[in-house]
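Number of protein chains: 2
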Amino acid sequence: MLREFDGRTFRETFTRAGFDDYPEATQAVRDILAEVNQRGDEAVLEYTRKFDGVELETLLVSEEEFAAAEEAVDPEVRQSLVEAAENIRDFHRRQVQNSWLEHQADGVALGQRVTAVEKAGAYVPGGGAAYPSSVLMTVIPARVAGVEKVVLVTPPQAGGEINPYTLVAAKIAGADAVYKCGGAQAVAALAYGTETVPKVDKIVGPGNLYVTLAKREVSGMVGIDMLAGPSEVLVVADASARADFVAADLLSQAEHDVMAASYCVTTSARLALDLQKELKRQCAQLERCDVARESLQQQGALVIVDSLDEALEIVNELAPEHLELQLSEPWEALGKVKNAGAVFVGPYTPEPVGDYWAGPNHVLPTAGAGRFSSVLSVDDFVKKTSVIYYSPQALLKSAQKIEGLARVEGLTAHGQAVKIRREYLEEKGSGN
Amino acid sequence: MLREFDGRTFRETFTRAGFDDYPEATQAVRDILAEVNQRGDEAVLEYTRKFDGVELETLLVSEEEFAAAEEAVDPEVRQSLVEAAENIRDFHRRQVQNSWLEHQADGVALGQRVTAVEKAGAYVPGGGAAYPSSVLMTVIPARVAGVEKVVLVTPPQAGGEINPYTLVAAKIAGADAVYKCGGAQAVAALAYGTETVPKVDKIVGPGNLYVTLAKREVSGMVGIDMLAGPSEVLVVADASARADFVAADLLSQAEHDVMAASYCVTTSARLALDLQKELKRQCAQLERCDVARESLQQQGALVIVDSLDEALEIVNELAPEHLELQLSEPWEALGKVKNAGAVFVGPYTPEPVGDYWAGPNHVLPTAGAGRFSSVLSVDDFVKKTSVIYYSPQALLKSAQKIEGLARVEGLTAHGQAVKIRREYLEEKGSGN
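Chains as they are written, first to last, in the working numbering: chain B, 6 to 437; chain G, 6 to 437.
Rather than coming from a laboratory, the hints here were simulated on the basis of the structure.
Just so it is clear, the structure is predicted and the values come from calculations on it, not from any experiment.
Be aware that a few hints might be false.
[Claimed, not checked] Listed below are the simulated PhoX-like cross-link pairs for lysine-lysine, each with C-alpha atoms no more than 20 Å apart in a straight line:
1) G:Lys424 with G:Lys402
2) G:Lys406 with G:Lys424
3) B:Lys285 with G:Lys424
4) G:Lys402 with G:Lys433
5) B:Lys424 with B:Lys406
6) B:Lys341 with G:Lys341
7) G:Lys154 with G:Lys204
8) G:Lys154 with G:Lys176
9) G:Lys341 with B:Lys154
10) G:Lys402 with B:Lys282
11) B:Lys424 with G:Lys285
12) B:Lys433 with B:Lys402
13) B:Lys424 with G:Lys282
[Claimed, not checked] Stretches of chain G that chain B covers, calculated by requiring three or more beta carbons in the stretch to come under 8 Å of a beta carbon on chain B:
14) 109–123
15) 268–281
16) 305–319
17) 348–362
Beta carbons: idealized from backbone N, C-alpha and C, even for Gly.
Using the sequences and the hints given, assemble the complete structure.
Set out below in structure tokens:
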């Protein structure tokens with residue numbers, strides 16, 4: 006089912022779609038942003054009617070709806086969400102960074118303050134599907150970071166309601182409010198604010214192409230986490246790997262959507278052979294078989310390489326969102342991994358362990374962004390501010406050097422701001 | 006010289022230009038990006054001829070040019086650059102974060118790897134002016150982070166050469182190469198790579214509107230630090246502040262360019278009165294007096310407020326790039342500051358101390374971005390990757406809960422990836 010390559014041909018043929026490849030979608034998104042910016046709720050409700058086919062009275066999910074959701078969900082699954090939330094909270098608490106300030110003996114104090122953004126908005130896909138796990142993964146890090154107001158936007162189902170698991174997860178994660186809107190109009194509502202939806206400082210969470218393009222457009226005016234493309238997994242496997250495990254993992258990626266990319270890079274021709282058979286066998290048993298098959302055939306690749314080092318070079322070039330190391334010595338390979346969103350080590354750590362359960366975030370950089378950006382974390386919800394203090398003596402000691410540096414940059418007023426203090430202190434004699 | 010407001014009217018009248026207010030410039034930038042992407046060096050050289058009025062043979066600065074620069078600079082100023090570099094290195098070393106991995110008793114190991122980006126490019130303004138301090142501020146954090154290749158782009162002077170202080174600073178900071186190009190074409194060269202300029206993973210550094218729009222366009226394909234607008238300072242001053250100090254600091258911001266914004270927010274009507282006089286007096290003595298005056302009159306503001314708390318509310322709404330606290334109790338006020346790029350504490354810490362000398366970075370979020378983004382730091386040159394390991398026993402323990410969560414999201418293959426391992430282990434009986 007997978008197209009087969011050797012390492013060289015795969016690296017030559019491999020290309021990624023850039024966001025500039027979608028001019029029409031980008032223009033459509035710009036129009037939506039402008040409308041919502043001007044007309045607020047009215048525009049959001051119109052687009053919800055148009056794109057989600059739902060006529061809403063209000064965007065805000067009511068307490069009655071939350072209560073009904075609690076009734077509707079399977080208690081066992083709810084308990085699993087509670088445990089997953091605890092794992093996610095535990096892991097993200099380890100990411101909290103402290104402010105620091107150091108008073109030096111020379112009268113200088115330098116430091117770095119870490120403060121949370123005031124308001125954050127999480128986008129969670131919805132409509133047909135339900136992603137309570139994404140609710141936990143986006144809201145909990147914001148809460149751990151200390152964000153004052155954390156809201157959720159997610160598109161409504163055909164009947165105008167939100168999936169009960171999504172609402173229950175929102176309560177478990179501690180979201181302050183959930184709004185029934187999706188697509189570019191939801192991003193616009195969070196970026197500009199409407200009568201109902203608060204203007205936030207940071208927008209996070211994965212979405213479809215329109216959501217991603219909208220985040221890109223508002224980025225800079227408001228903070229965004231990353232530009233998420235279709236999901237990817239790359240499994241590096243050697244002769245020790247089980248074909249049935251690898252096949253199951255590739256399929257779990259491929260079922261997301263036809264654009265999802267599933268790669269296996271292996272040093273074992275034998276495994277490659279068995280893998281193709283296993284993919285056929287297991288795919289036939291899947292509910293979303295057609296999606297998975299098309300995804301594998303169109304986007305997937307089976308790459309047979311000469312060495313593990315070659316495999317890891319490919320990994321670092323692709324910077325896969327998800328990387329599985331199904332190897333006899335996975336920890337040694339990990340040391341050579343430079344670019345990846347999340348790494349799943351060993352045969353008993355399939356990607357869903359991270360998607361749902363373990364605690365690390367499942368919102369990850371895609372389409373090669375792992376070369377320069379990070380998994381969603383508490384860092385996304387804080388900002389750092391430098392703190393500088395100079396005593397009169399400390400300023401006197403460095404004043405003329407600073408004045409000299411200002412001079413070569415031709416900024417006399419910069420020098421003057423230091424000089425006026427130096428001369429005042431020299432007169433006062435407090436420099437002695 | 007400054008327009009005067011009370012707190013309420015200032016907050017009402019204050020607005021910021023968004024990047025969408027520049028459609029022509031944005032289109033021009035898109036064209037430049039496309040040309041450089043297609044034609045590489047040839048296009049960059051053409052734009053350098055067109056915009057910088059310079060005919061270049063090659064973009065790369067030669068060793069001979071570096072040697073000549075060493076001859077040309079004032080040795081005392083060079084020594085000051087060396088000392089400033091040491092201060093910057095010391096401060097940024099405190100930002101280095103370690104990878105961590107924790108093996109738990111239950112057979113689970115979770116961690117976070119911190120790895121440097123492979124290649125980074127720093128943009129430093131040039132042409133008429135020279136900013137060796139910006140060279141230090143952009144290159145050193147990348148070096149401290151462990152970036153393998155760090156290059157610099159800066160527009161050439163009329164004669165085709167680069168200011169000697171810029172080149173000397175590049176050597177002191179440890180840049181691997183300097184390229185003679187600026188504007189959107191330089192950003193394009195770093196984003197796409199050319200025959201001469203390497204494609205980088207991260208582009209940092211301040212620039213003019215075209216540079217900023219270009220960074221915005223390539224963001225996502227390559228990492229960028231932030232979208233920098235005109236420089237800003239906000240001085241919060243009470244009756245204890247000296248008008249001559251405050252005036253000097255506002256002027257040091259205003260001399261940058263006519264778009265630079267200088268605000269003083271004070272609880273003292275007396276200070277406000279003296280400040281206007283001091284601004285007139287000191288401005289007359291400046292080389293860049295005309296720029297500073299126009300900047301103060303067009304962009305500046307003197308805001309008289311009833312209380313320090315009101316002043317700090319204004320600070321948090323504006324999120325100024327530079328915040329000076331010229332107060333009798335500046336440390337207490339600092340505790341109420343939520344949004345600012347860098348804070349300069351007390352009367353003897355004028356902004357130039359941070360611009361040139363103290364060690365914290367001078368590349369800071371502007372135009373309100375301090376609400377969600379941070380001062381440039383080592384963080385900008387690293388990315389974080391999650392690491393997840395589950396033992397067979399650990400997977401067995403959680404398998405059915407994970408399968409349940411996958412089920413409610415309608416992703417059967419996700420559940421299957423766990424189930425196939427659980428059933429294998431149950432058969433093998435290694436779960437007992």
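Discussion item. For Lys424 (chain B) and Lys406 (chain B), compute the direct alpha-carbon distance and say whether it is at most 20 Å.
Written reply: Cα-Cα ~11 Å, so holds.
Fill in: Hint consistency between Lys341 (chain B) and Lys341 (chain G) [alpha-carbon to alpha-carbon, up to 20 Å]
Violated: Lys341 (chain B) and Lys341 (chain G) sit about 44 Å apart, past 20 Å.
Worksheet item: Within the assertion that chain B covers the segment 268–281 of chain G, do at least three residues meet a Cβ-to-Cβ distance smaller than 8 Å?
Response: violated (count 0)
Worksheet item: Does Lys402 (chain G) pair with Lys282 (chain B) here, judged by a C-alpha cut-off of 20 Å?
Response: violated, 30 Å
Practice prompt. Sort out whether Lys433 (chain G) lies within 20 Å of Lys402 (chain G), counting only the CA atoms.
Written response: holds, 15 Å
Worksheet entry | 20 Å limit on alpha-carbon distance, applied to hinted pair Lys285 (chain B) and Lys424 (chain G) | holds, 18 Å
Worksheet entry | Satisfaction of hint between Lys204 (chain G) and Lys154 (chain G), Cα-Cα up to 20 Å | holds, 11 Å
Worksheet item: Does the structure keep Lys154 (chain G) and Lys176 (chain G) at a Cα separation of 20 Å or less?
Response: The hint holds at about 14 Å.
Practice prompt. State whether the coverage of the segment 348–362 of chain G by chain B holds or is violated, taking the criterion as 3 or more residues with Cβ-Cβ distances under 8 Å.
Written response: holds (count 15)
Item to complete: Take a quick look at whether Lys433 (chain B) and Lys402 (chain B) sit within 20 Å of each other, Cα to Cα.
Response: holds, 15 Å
Discussion item. Please verify the coverage claim for the segment 305–319 of chain G: does it have three or more residues whose C-beta sits within 8 Å of some C-beta in chain B?
Written reply: n = 0 at 8 Å, threshold three: violated.
Fill in: Pair hint Lys341 (chain G) and Lys154 (chain B), alpha-carbon separation not exceeding 20 Å
Holds, at about 18 Å.
Of the numbered hints listed earlier, those contradicted by the structure are 6, 10, 15, 16.
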